[in-house]
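**Q** The residues making up each chain are set out below.
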Amino acid sequence: MSDASTFKTGLLGAIPSLRAFAVSLSHNSDKADDLVQETLVKAWDKQSSFQPGTNLKAWLFTILRNEFYSQMRKRGREVQDSEGTMTARLAVHPSQHGTLDLKDFRAALDTLPEDQREAIILIGASGFSYEEAAEICGCAVGTIKSRVSRARVRLQEVLSIDGEGEFGPDAIASQVLGSGAAA
Amino acid sequence: MTEQKSAAAGPKSRRGDDPLGANSEIGKKLREYYDGLMADDVPDRFTDLLSKLERAEASKDKDGNAQ
Chain C
350 MSDASTFKTG LLGAIPSLRA FAVSLSHNSD KADDLVQETL VKAWDKQSSF QPGTNLKAWL
410 FTILRNEFYS QMRKRGREVQ DSEGTMTARL AVHPSQHGTL DLKDFRAALD TLPEDQREAI
470 ILIGASGFSY EEAAEICGCA VGTIKSRVSR ARVRLQEVLS IDGEGEFGPD AIASQVLGSG
530 AAA
Chain S
10 MTEQKSAAAG PKSRRGDDPL GANSEIGKKL REYYDGLMAD DVPDRFTDLL SKLERAEASK
70 DKDGNAQ
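Chains as they are written, first to last, in the numbering used here: chain C, 350 to 532; chain S, 10 to 76.
FYI, nobody ran anything at the bench for these hints, they're computed from the structure.
All clues stand as given, with none of them false.
Lysine to aspartate or glutamate pairs mimicking DMTMM-like chemistry, simulated, CA-CA at most 20 angstroms apart:
id, chain 1, residue 1, chain 2, residue 2
1, C, Lys-357, S, Glu-63
2, C, Lys-380, S, Asp-49
3, S, Lys-69, C, Asp-394
4, C, Lys-406, C, Glu-481
5, S, Lys-37, C, Asp-453
6, S, Lys-37, C, Glu-506
7, C, Lys-494, S, Glu-34
8, C, Lys-452, S, Glu-41
9, C, Lys-357, S, Asp-50
10, S, Lys-61, C, Asp-383
11, S, Lys-61, C, Asp-394
12, S, Lys-69, C, Asp-352
13, C, Lys-395, S, Asp-70
14, C, Lys-380, C, Glu-416
15, C, Lys-406, S, Asp-49
16, C, Lys-357, S, Asp-53
17, S, Lys-61, C, Glu-387
18, C, Lys-452, C, Glu-463
19, C, Lys-380, S, Asp-57
20, C, Lys-395, S, Glu-66
21, C, Lys-423, C, Glu-463
22, C, Lys-452, S, Asp-44
23, C, Lys-406, S, Asp-44
24, C, Lys-391, S, Asp-70
25, C, Lys-494, C, Glu-480
26, C, Lys-357, C, Asp-394
27, C, Lys-494, C, Glu-506
Okay, the calculated beta carbon distance ranges per label pair:
id, chain 1, residue 1, chain 2, residue 2, range
28, C, Asn-415, S, Ala-48, 21 to 31 angstroms
29, S, Gly-45, C, Ser-495, 26 to 36 angstroms
30, C, Ser-398, S, Ser-60, 20 to 30 angstroms
31, S, Lys-37, C, Pro-462, 16 to 26 angstroms
32, C, Gly-491, S, Lys-69, 41 to 51 angstroms
33, C, Gly-491, S, Ser-60, 35 to 45 angstroms
34, S, Lys-69, C, Ser-509, 54 to 64 angstroms
35, S, Thr-56, C, Arg-422, 23 to 33 angstroms
This structure is a prediction, so every number in the text was calculated from the model and none was measured.
We put the CB at the ideal spot given by N, CA and C, even for glycine.
The whole structure should be built from the sequences, with the hints applied where relevant.
**A** Listed below in structure tokens is the structure:
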């Protein structure tokens with residue numbers, strides 16, 4: 350019984366990040382909450398297959414992600430676009446003065462292919478390691494790395510970010526050389 | 010210039026596979042976006058759901074023990 354309540358506490362604690370991940374995947378907060386609900390029920394049922402001491406959050410993200418893709422397959426990928434992401438896809442205009450608006454950023458994020466978007470979210474925002482993200486997505490670590498790097502390049506393109514001193518894999522080299530001084 | 014070089018080489022070289030780190034505009038925005046999502050209040054439906062699941066589990070256990 351105390352096992353169950355520890356587990357429950359763990360689930361409760363994970364809800365905010367599960368919701369954030371679900372919204373990132375589905376672009377839609379109603380759909381996201383359904384996804385989280387489904388994830389919690391599944392997790393509860395599969396409780397015995399969770400090994401205490403391992404990463405509960407990663408385990409839950411895996412369930413949520415599987416659920417998301419299986420729902421998508423069932424629906425045949427229809428109307429992912431209900432909230433006008435297609436429009437966003439066509440017009441992302443970062444504000445003129447070099448500061449990046451959060452709305453612009455979301456729109457840019459939505460232009461990414463799903464696999465790249467989830468990879469950059471898991472690594473850059475959810476705080477997972479490449480190894481954990483690979484496990485969650487059921488792919489190789491190298492695949493995650495290349496998705497993240499493509500996502501980043503793509504976001505930079507879409508948002509016309511340049512002159513940051515961070516360009517792809519050579520970022521370190523260009524930083525060490527001091528892009529500020531060179532410019 | 011020399012100063013800048015040595016300052017840059019230290020911590021940054023250790024951040025070799027963290028291209029989304031503190032100095033990256035993309036990385037910063039990504040976290041801002043995500044933290045905004047995380048900050049939303051958790052709707053009651055989830056806490057209710059978990060309590061319901063827990064109660065169901067508890068009564069199942071009781072049944073199990075009784076037999």
